[in-house]
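Enquirer: Given the coordinates of chain A, work out where chain B should sit on it, guided by the hints.
Chains as they are written, first to last, in numbering that gives the first Met the number 0: chain A, 0 to 492; chain B, 0 to 1024.
These aren't lab readings, by the way, just hints derived from the structure by calculation. Model, not experiment: these values are computed from the prediction. Note that beta-carbon positions come from the ideal geometry of N, C-alpha and C, so glycine has one too. Among the clues, some could well be false.
[What the hints assert, rightly or not] With a straight-line Cα cutoff of 20 Å, these simulated EDC-like cross-link-like pairs (lysine to aspartate or glutamate) come out:
#  : chain 1 : residue 1 : chain 2 : residue 2
1  : B       : 602       : B       : 492
2  : B       : 543       : A       : 23
3  : A       : 313       : A       : 417
4  : B       : 349       : B       : 314
5  : A       : 389       : A       : 420
6  : B       : 353       : B       : 314
7  : A       : 204       : B       : 669
8  : A       : 165       : A       : 186
9  : A       : 313       : A       : 255
10 : A       : 175       : B       : 747
11 : B       : 699       : A       : 172
12 : B       : 790       : B       : 837
[Unchecked claim] A few chain B residues that face chain A, going by a derived Cβ cut-off under 7 Å, partial list only:
#  : residue
13 : 532
14 : 533
15 : 538
16 : 541
17 : 542
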Amino acid sequence: MKKTITKICILLLSVFAFSSCLNDFLNVQPVSQTNSDKFWKTSGDATAAFTSIYADLQNNFKTQQGLSYIGWYEMRSDNFYGNPNSGAYYYSDINKNQLTATHPDADWNIWYKSIGTANYAIYYIPGMTGMTDIVHNNLLAEAYFLRAYCYFNIIRIWGNAPMVTKPSLSIVDVTKPTRDSSKLIMDSVIVKDINKALTLVDVSKADVYRFNVGALYSLATDVAMWNHDYANAVYYSGLLLYTSPTQTRYSLVSGDNFNTVVSIATTSENIWTLKWSYQNNGYNPIVQSLTSSYTLTAKPLVDKWKSSGWNKDKRRYQTIDTLNASYPSNHLTAINNNNAMWKYQPVTRLPQNTNEKYIPLYRLADIILLRAEALNKQGRFADALTELNKIRTRAGLFSRKEADYVSKTDKTLAIETDILDERQFELLGEGKRWFDLVRTGRAISTMNSYFETYLKLYGVTNYTTFTDSWQLYWPVLQNNIIQNGNLVQTGLY
Amino acid sequence: MRIITQNKSKLCLVAFLLFIGTNLFAQKITITGNVSDLEGPMQSVNIAELNSSTRSITDGNGKFSIQADPNGSLVISFIGYESQTVKLNGKTTIKVVLNESLQNLDEVVVVGYGTMKKRDITGSISSISAKELEASRPVNLADALQGKIAGLDIMTSSEPGANSSYRIRGTSTLSDGGSNPLFIVDGMEVQNINNINPRDIASVEVLKDAASTAIYGSKSANGVILITTKEGNSTKAKVSLSYSLKQSQISKLMPQMNRLQGVHYEQLRNYLSGNYWIPNRDSLNPSFTADNFYQSMLFHKAYSNQIDASISGADKRIKYFISAGYVNEQGIQINTYNNRMTTRINVDYKGNDKLTVGSRVALTATNQRQASWGSRAQMLQRPANFSVYEPDGSYTPVLANRPNPVAVNMLGPNDYKNYNLNLNEYVEYRFIPALSFKSSISGTLYQSNMNYFAPAILDQALRAKSTNSNRTDVSWTQENVLNYWKKINNAHEIGAMGGFSLQENATDNTQLNVTDNITGSIPTSNAYGGVVMGQTYSTWTGNKMASFFGRGSYSYKSRYLFNTNIRYDGSSRFGANTRWGLFPSASSGWRFTDESFMKWSKKILKDAKLRVSWGVTGNQWTGDFASQGLYGTSTYADYMGLSPSQLSNPNLGWEQTEQYNTGLDLIFFDGRLKLTADYYKKMTSNVLYQVSIPQTTGFKTLYKNIGSVNNNGFELAINSTNIRTKNFQWNSSLNFAFNRNVIASIPEGGQQFINNVFIIDKGYAVGTMYGWKREAIFAYNQSNAFTSDWKQLTPIFDKKDRFQGYQLNGEAYTGEIKQLRNGSSIGAIYKGGDVMWDDINQDGVIDAKDRQVLGCGQPDVTGGLWTEFKYKNFSLSAFFSFALGGQVFNETEFQNSNQYWSPVTRPSPVVLAHSWMAPGDIALYPSPANTATLDNTREASDLWIQDGSYIRLKNIRLGYSLPKTLTKTIGIESMDVFVLLQNFITWSNYSGFDPEFPSGGLSVGYDYNSYPKSKDILFGINLNF
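So here's chain B without its partners, still in its complex pose:
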């Protein structure tokens, strides 16, 4: 009853107010107050009186004043924050603390050729904002994104300037190098993402499912990463400065034999293999009396500085963002570095209500010295007693085929000077509010100059050599897009987009490779004795594309959402008949929480959307002239030859990937908990594959559309604000992804081995390691004895080690005895110290039929875990990334321990310690004898396969923002400082430097002298004026 009365009185009040009219509202008083967030006063916050047009904004101290009705309400709002409505109830001063928005459903997300409200997305798109990207002050995008997005697997290297490998939802193709996603920066396709300064990035969108990527058609089967750079947005010019200093050091050292261990190893090896060749051990020869730990000579503490400055602003007509950045990154390997200068100018100008023009200009210049790859092989293999410096202080030349690893690093340039210029100009015309047309032209100019010089001292034959090469990539894209968007009756939203684009890429490559340089004082190919014809060339390659594309979208109150894309692509890479490909997609979303029957759940489940999508995307990763008949060069003596090298296949066409995706977006408790889950199925068919053909034709392979690869997987991302009080906040997020990959079909006889161990065949996942499996190491010569049904017998010896006979299950055995042989039925019989390989077919012969799956480089689960605590102006965060269930093929250790090698190679002392040395040893590795015919240390075996799972504490960050009241007094808007510890802890069983490294698309997990991981301490400061 009371309730009704209350309502009645309210109704009366409303009626009364209406009756009184505006007179009463005019009686306003001045309300003052201030607005702040966790970190202090906020500027430019909108203050509006409810149901009135009165507006105000806060000043630099967060203070405001507004004329308002003393009994009215004020709405305080700011972009990225939750709006608050404050009832005045006669108060004249108010204090408001705004909270950062947790749901941001109206946030705009960049999609192909346009934007969309996050709320209306129907595909699988993950976004990441500038704030998240910048927290760890990354030098490149890969470091910034790693572990942050479910389903995006990134493998990085600590080598300055090195490329990382990206994999979105597994490997879907069988061409090495064809697995990288498409990178689009401000609408422009780019090849090398390392040229982007992460500080310039406003947002990154990762498009994962076909419905999202199909608008990019033929290049999008591996997913698309869209990068949007910053633009000006505040009327007051905003100046940002940031600086960071990083100290890096090697995160893990590998055990290595010292001089004495090496001597023992050689003695053992000679004793066991009956070899007589002992390399020089003359105790009076200073070349062989050192005792070096090469890793400490090759790695050092490295320091890097990164400084960035930007200025941005906007008024009614113009928006601008101008930035410059410089980083000099030193590598932990001596004499390796990458210095990068980046500049960017982003300007948008509004000529009138209808016309907008804009420009994006970015220039990057880098100066890099790479480590020569061989230096790390020498570091681990070269005996410790070989000298590095001669008594006179000069570098020791090549000894017994082993170049001096320090000299290899220090002498001569291995320099890359790269210049990258990106331009994008556009004009946009809005005919009517609903219809606009945008035309743009963008271009990239990339120039790379390489200079390598190896002085005579690095060569076995004391012949100097050098290489100079110049590479120029020019590409341009012209795009025309018509966009229509209309909201009808405040319920139906209709969007349509149609466009056409032309694209051309061309690469010129010129290389000069010479020998016998007459002087060491000129480190370029300028004064030399001879030209290496096969490595001296000038080549050109190029391709063109033409595309039509369109999108239609419909939304009813954002409750029912439909999207459809279509793209029609033509590529110069394919034959005239098969040049054009059609890539359709469709998706829909259902926001079921908006349905009336879901009202009951609103308190807990704030927003929920179910997404379903289907689409077809393409891949055209082949040579530019893959469908044509071509001739290749060869050299005989000092003549150049030409002969047919590629057979034409005019029917070569697109590789297609069809993908289904189902996803669910859930938001609980006012956005305190957000969950996104996706399941997908990806089927690639007509794989562009180099098929082996009978070589009696004179050709080895032919590009054909053949074979198929399937991927399916599950992704989950959870964001939560666990605690939120006035001064304290605890946020965390977790993402992980499972992917299962399998090659569904492959042409007859198309089985391939990559790097001798990675099998490409039907029924196997890409990255499957295939070969012989070690059961044990035969302890005695007599251990190679089995019953007729292949049960191993136990040899029995007396006290004087004389062989007595066999036992089976503790009882004497006198029956038939079988023995394992190597290779064939007349092959050698394995002895003590040899490997007992798994004889799968139990024929007593270890041959090709006994190979099996030994592991797979692709992890089962990848992901990241992030957690952050904020207390007033302090923040503390930790970020873990993980990849579980993958194996690593340790090619480095194979190369070091391989018994074929000469005694001037050193295996790992750990491997040696676990090797068979004397009869009776129960060992993990075979005897270190030179028994090459038995192939005991064969490459395709599980001797070199290790668990590559890891969990890494990728970083811990402690940040502090100076109180704004304090910064104000020194004329700074904001200032924050932070300390970051990176890669300090990695939990992994891998014996090499690190289980994570970039690898080829088909040889995932192949570690061959990869650059070690660095652990870093980073100090940074950000200033805003």
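Isolated chain A (complex conformation):
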């Protein structure tokens, strides 16, 4: 009996000893996939990680047929009316300030995926070797730039949000963060990241489809304007416009070719553009939705553009269909598939799915106008109008002079209004209007007047009037709150 027990013990022991040897046999590593131990070795690895962030931006913006891009940046403004009858009826809810926590655009997850990748890059790049400092620094600059860009969008869209600056490397890093204040994120991430990127950037790189110093100056200007930090806005826009090498890199295209800044988006004016490849990214649903029956260019805007003083604008007929777009009295209730917008593909308007269509993120005219705004706020009216008139001249419009504003009680406000009008026409369909309104504190009044004087006039009354500043921000997606109970919903959503 004893012998048998010994034998069994030996057998069991050998099984366990053998099984530990088998652990080598059982160690199977993925071959066609990589992991953090093998990655982050060369500059190519880091570039590939950044490419995935640009891919995220595309996926982010094209969610729900381009709804996210249009929804976050433009649909909440007075530029477009959302067709309540079409498949993507969510447009209508956005336009009428009827956001809910189940709205697909309330989802910030893709932004955080990009931030997660950027956090990996910021964590791993300093340890990389085998490249020149210039290359090394520029990689780090790109990581900071992309993280700043993502957070800048998050705080503009949602206000307060979780601030995640460390990479999630394994299961222990899975936490349930709370929403930090947007000011904290601005001060301790966005501004700092931009400053770091400015010291690290390689100014010689000028790829319009990716990070470049021009894009960095533009983002810095944009952020400064959001913070009402006009000195820095003037400083950064000045770097772009008046220092080498960006001074000579960018120039405005002629007024007759105005639409090429979006329809081709690789012109001398384009600073940072998201490229669309038909094979690899499918058709561009943002352009498709902007120019189809999902959205309708608001009638007051079209009417204003037709009025004297504006109707000679070369941009007008390149941006909207001035010949066939009709606005009958029932145009808000029975959308007739004749949206005026055709900037992305003039004349044919409804783009063939086959075309590569770009989304311009920053272009020179945008920054010139921001600079004009900043100078105006600093009281440098003449300088501000000089910048504004660059854009007006290109458009074939008369120049504005300081003398025009003598009679105004609030000269700054009057000039700002004109600059914002200019931006509305110049940048229609390029995702700038809503945050211009929020930034300048005009969102609530502008939108309430849009509801009262436009929608109501044409029989649409199911909008929600803006009454409180939390309504300027989006709700957090219900599912995100379910997954992280520490998140508190925005305002009264």
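Expert: Coordinates of chain B only, in the frame set by chain A:
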């Protein structure tokens, strides 16, 4: 008194015989005779004289001759038949008719890593023999097994070469695709069971309870299907030929709008929704003036031929079985087919008394053209007035986003060329009779080449595209098994088995996906304009396993039976700390009819066995690298990106299923009635689940061992020989199974919806459909009016249809009136033609809180009923299969009737006929207006849920065996012919093509343009030489 005398005289006789000794026995005479069964003379039947060593066998005409004592007895026996003892009493010629054995308790059943006598089984194992499998001449195993085994639910498709879904005792896991059982062919794990020719199969064993499957440890939680292929057994070479011809056609057509109905539909839709966009209806444009019934264009009568040949034989040293088969199966959908060639060589060679070597080699090559999935969507949705052919006879290109369904089917390849090679070599050494060692190596090589080409005419933008992919799967298993078996004192049987195995699987996948092919004359990805980077890749994935396993068994006179299994598995899929899993099981059986106190019942209850078992099995269905941190690719413009895509979880380990089983096997009246009943309880814990995590981490999900699923159920199988006379026999069998499934726990926030309607959450069965319930359709705008306690008011109108006021229970109502709103308290108020959803919480708002259980795709009962009549050489059988109590989610109809869609989509005319069209209509479906904001035709609703219960007369078979006396004269041993009618009648209320179709593990009953069922007439002939 007389009895005693008789006994005494018998005793005297015995004493006398003993005294006389052998001298008297030597005086033998020649006895001749013949042996036959119902079908005619039988060859190779054993004839033996009782209590003597004299033996003989019958010849080809069933005749025999033997030297025997004229007063002795002859024992006539043959495998599979009941032995007979015939007293000679001086007769010199005898005629014997043998009956097929009804109980076969000594029949051997294959179990994991060995065999067992059926009599000694203690787990829950169902077997099915070649004869039953071949009766309906199936092309694949799923067709052969469907409805035959209690607790094995199979959902098949009529699409040639399509995979079926198998479910043994319900769904026990929460990973989609992780519910299929483990398939073992001749001891070798296989992935794709469609490569096996059913004609090569000798037997199929379905292991259901944990005690039976635990020997396969980590992969066995969903049950195991063991397949044993044929081997040679007669000294004379046996040649078999069989041929069948099958005609198939669609078993049911769905109603579809014709041109005129479509025009009316569009007018109605535009009128109701105030839309102005009317697609081209230019009467001079030939593109829009057709009137097609697409189903008759897409389906046709299909013909399939199946031919099989095999040769087998055996002598003292060698056993062989060689077969070849070919089937060209045409699909009922035009231009779909699956041609399959199978070959097999099974050889066993006995080197000496101790050493045996053997080999199994099977090669399968298939050439398949699949239907492109979208073709059936276009078939039902595309308006009938859109043309299919241009005036010049060419195919009409895409019209208003609607590809031409006939062109989609006919143009360009969608071809799969698959090659499958299975090899198994073994050597077995018997040290002493009781102890043997077997070592084997088996391997599978699977190669699949796919070619898809869509010419420009099929694309909206007129851009051609094509895909080519190559997939190679290589797997090998090395096994070493030591087996011990001994019978002591003719009462105690002891068995022990121990083994060790190593396994490796690897898959290489290369795909090329291109666009803008420069010519339509090259249908491969060979001349193109651009590469689709995201779909062009070369990937590798693989896993390894190492296992120790053992079994101990003890039986006392087959009355008390004990079995125990253990397996210790290591898998490369899991983290280093959690890699190894232990899977024990135990079972016991008690043959209580062998007890002395049960003697009284022997006349009726011949044999009865009670079985009890318990065991733990595992599941490792995750990605090969589920526990590791990984990076994934993405494309931006023409660049390729890489970013973290999976967070590592080094603690990821086995999913475990614990199962209890109690069963009873009863045999009555000499085996005329057999009954097997089983009750089981299955509890799966540590479910491998992709848990959602806060995405602020940058990741969406993480594989964790979390959650649990329970199944319990009851299975019953009854076999009976109702009538048995010399020329006539009536047999029948019935099996059914109830299974109840519930998700017992799930991580916090882990609720998921599959396909928007199937809920995965605690307390719900897998396959539960969840959403909003339709109470009614509001007849008038004024119908949306309720009292303060939510009783609906009746609006009253005068003769000119002017609204007068409300009534409640026939009396005028003037109190508070409440109305239902959509989405929120400021949402739109429902009007006439909108759906009145069930407002569960009575807050007047139809929102997410008003969702409820609407149905479940898993049936309550599944099973089959078979009955057979045999008269002389004729046999007539009918087989019914059924699944009752399940629901089907008709995604196809949702897609067709969904109001979001453009007017170039056609709903079913039946749905339209039941839709609200004018005030006052009492309807089943909402108005066909485009009222998307109200979401009237929401997907997660019972508008699309239908009863999926069905009873199908799966086949009727009429067979005839030519008399052997006749076949002998033309040199054939046997010949039989049969006609089979398949799927001719299905009783079901489902409005789609068919309530049965393969579906995903978590979305049971999700019908999305599934392939229609075919009904077949099959003629077959079998020849044996």
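Enquirer: State for each hint whether it applies.
Expert: Hints, verified against the model:
Taking the CA atoms of residue 602 of chain B and residue 492 of chain B, the gap is about 28 Å. The hint is violated against a cut of 20 Å. Between the alpha carbons of residue 543 of chain B and residue 23 of chain A the distance comes to roughly 11 Å, so the proposed pair stays at or under 20 Å and holds. Annotation: proposed proximity of residue 313 of chain A to residue 417 of chain A holds, straight-line Cα distance about 18 Å (limit 20 Å). About 10 Å separates the Cα atoms of residue 349 of chain B and residue 314 of chain B, which keeps this hinted pair within 20 Å; it holds.
Taking the CA atoms of residue 389 of chain A and residue 420 of chain A, the gap is near 15 Å; set against the 20 Å cutoff, the hint holds. For the proposed pair residue 353 of chain B and residue 314 of chain B, the alpha carbon gap of about 17 Å is at most 20 Å, so the pair holds. With a CA separation close to 92 Å, the supplied pair residue 204 of chain A and residue 669 of chain B exceeds the 20 Å bound. The suggested pairing of residue 165 of chain A with residue 186 of chain A holds, with an alpha-carbon distance near 17 Å, which does not exceed 20 Å.
Distance check on the hinted pair: residue 313 of chain A and residue 255 of chain A sit about 7 Å apart at the alpha-carbon level, within 20 Å; holds. Taking the CA atoms of residue 175 of chain A and residue 747 of chain B, the gap is about 13 Å. The hint holds against a cut of 20 Å. Taking the CA atoms of residue 699 of chain B and residue 172 of chain A, the gap is near 14 Å; set against the 20 Å cutoff, the hint holds. Our distance criterion of 20 Å between C-alpha atoms is met by residue 790 of chain B and residue 837 of chain B, whose separation comes to about 12 Å.
Taking 7 Å as the C-beta cut-off, the interface hint given for residue 532 of chain B holds, the closest approach to chain A being about 5 Å. Interface hint status for residue 533 of chain B: upheld, as the beta-carbon distance to the closest one in chain A is roughly 6 Å, under 7 Å. Taken as an interface hint, residue 538 of chain B checks out: its beta carbon lies about 4 Å from the nearest beta carbon of chain A, inside 7 Å. Checking residue 541 of chain B against chain A by beta carbon gives a least distance of about 6 Å; that is within 7 Å, so the hint holds.
The interface hint given for residue 542 of chain B holds, since its Cβ lies 6 Å from the closest Cβ of chain A, which is under the 7 Å cut-off.
In this structure, the earlier hints numbered 1 and 7 are contradicted, and the remaining ones agree with it.
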